[in-house]
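Visitor: Those sequence lines, one after another, are chains A and B.
Numbers 1 to 218, taken from our numbering, label the letters of the first sequence in order.
Numbers 1001 to 1242, taken from our numbering, label the letters of the second sequence in order.
Each statement offered as a hint is correct.
Chain A stretches covered by chain B per the calculated footprint, using a threshold of three residues with CB under 8 Å from any CB of chain B:
1. 10-21
2. 40-46
3. 56-68
Think of the hints as simulated: they come from the structure by calculation, not from any bench.
All C-beta atoms in this analysis are idealised placements derived from N, C-alpha and C, irrespective of residue type, glycine included.
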Amino acid sequence: MTKQHANWSPYDNNGGSCVAIAGANYCVIAADTRMSTGYSILTRDYSKICKLADKAVLASSGFQADVKALQKHLAAKHLIYQHQHNKQMSCPAMAQLLSNTLYYKRFFPYYAFNVLGGKGCVFTYDAVGSYERVGYSSQGSGSTLIIPFLDNQLKSPSPLLLPAVDAVTPLSEAEAIDLVKTVFASATERDIYTGDRLEIVVLNADGTRYEYMELRKD
Amino acid sequence: MESYQSKPGLLCNPEASQRTLYPYVTGTSVVALKYKDGILMAADMGGSYGSTLRYKSVERMKPIGKHSLLGASGEISDFQELLRYLDELILYDNMWDDGNSLGPKEVHNYLTRVMYNRRNKFNPLWNSLVLGGVKKGQKYLGMVSMIGVNFEDNHVATGFGNHLARPILRDEWHENLTFEEGVKLLEKCMRVLLYRDRSAVNKLQISKITEEGVTISQPYSLKTFWGFSAFENPTLGAEGSW
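Looking at chain A on its own, in the form it has when it is part of the complex (with noise of 0.2 Å):
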């Protein structure tokens, strides 16, 4: 008999996009909280923001149950982390930790597309573990709509430049949850996977603000 059947997956794509924005005292995380499967939604209020440590706020988008392994791993590695320091993580060792667990599944990978802020920075990552730090970043389902037009607005200096300059943008708090807003209402004309509504996560010296922005729901 000739195969009749879809052959199974392990993974999935449930979509969604995520956005961080660095400023020299701030850092702002976003992302949509719809889920979907193909051309179905499965939920309209799923976060894909997880809050790893005070200075370390991750926002993951790909196969939902791949990234909600390495939430609760990353989650996991920081309580220990801070039964043996008596301190908080910081950014930049949540980073390299975040790419030492994609690339530990190099061979059966996470299908996970994050972006990890902290004050002042943002690393952005592949599946397989491979991390920048820059000033800006987008992952996930509208990245490509999102990253041209982060370019145009933010004109971040070249990473070529000698010495190096640092990358976070020049914008205040306020023009940044602005840009993000705009970008977000932008992607969800065209994703399709994209829309509901916008989770923003803004770290600056007073500690985390939550704020919410209604979406497109087509």
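Knowing the structure of chain A, use the given hints to seat chain B on it.
Guide: Here is chain B on its own, set in the frame of chain A:
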């Protein structure tokens, strides 16, 4: 036994495979929602063998412990194995005899781990699961898929239900549904599924879970009406068709 090497290029030889590559006997959609006092869930009783209606009295909703209710679509045998896991889990939790018991949140989390663990072993349990429950006045309703994707919502539906029932639920669901309104809404969903999902059968159960416990209804049928003009001669005007 045939050698695994006989089909080069395949990581797993389908003929010699020891894992589920596709389901045999399957159940169709489960629909569930939160209402004023707890959770309501509906599922029909059909067990399909491919497109053959093989079994007609399959119970696809079961109480788990004191505070939870589990509904399953997909492979019936995998669901029954899962029930054995859960029976053991509840039993061992009971044996502590400390007056604590697993709530719906804990059971849902357990199911999530089992499903994700099995997909990591490339040997999935072929189900979409719905877990509802009430504990200490907290209502809980969640879903888990075959590969471990999981979430909570005010109303959920598996399979065809996600296409046909959830749009109705999004239109009509609200926080303060009474029991009667909830049952009416579920029946509306099940009727659409009965008309439009070929593997749905007109024999279903509705179950309720509240602080007081689980009640699963006796099987019953929905009133149907097949006299719509669209049903009478569906191919009229489609030239060249039967």
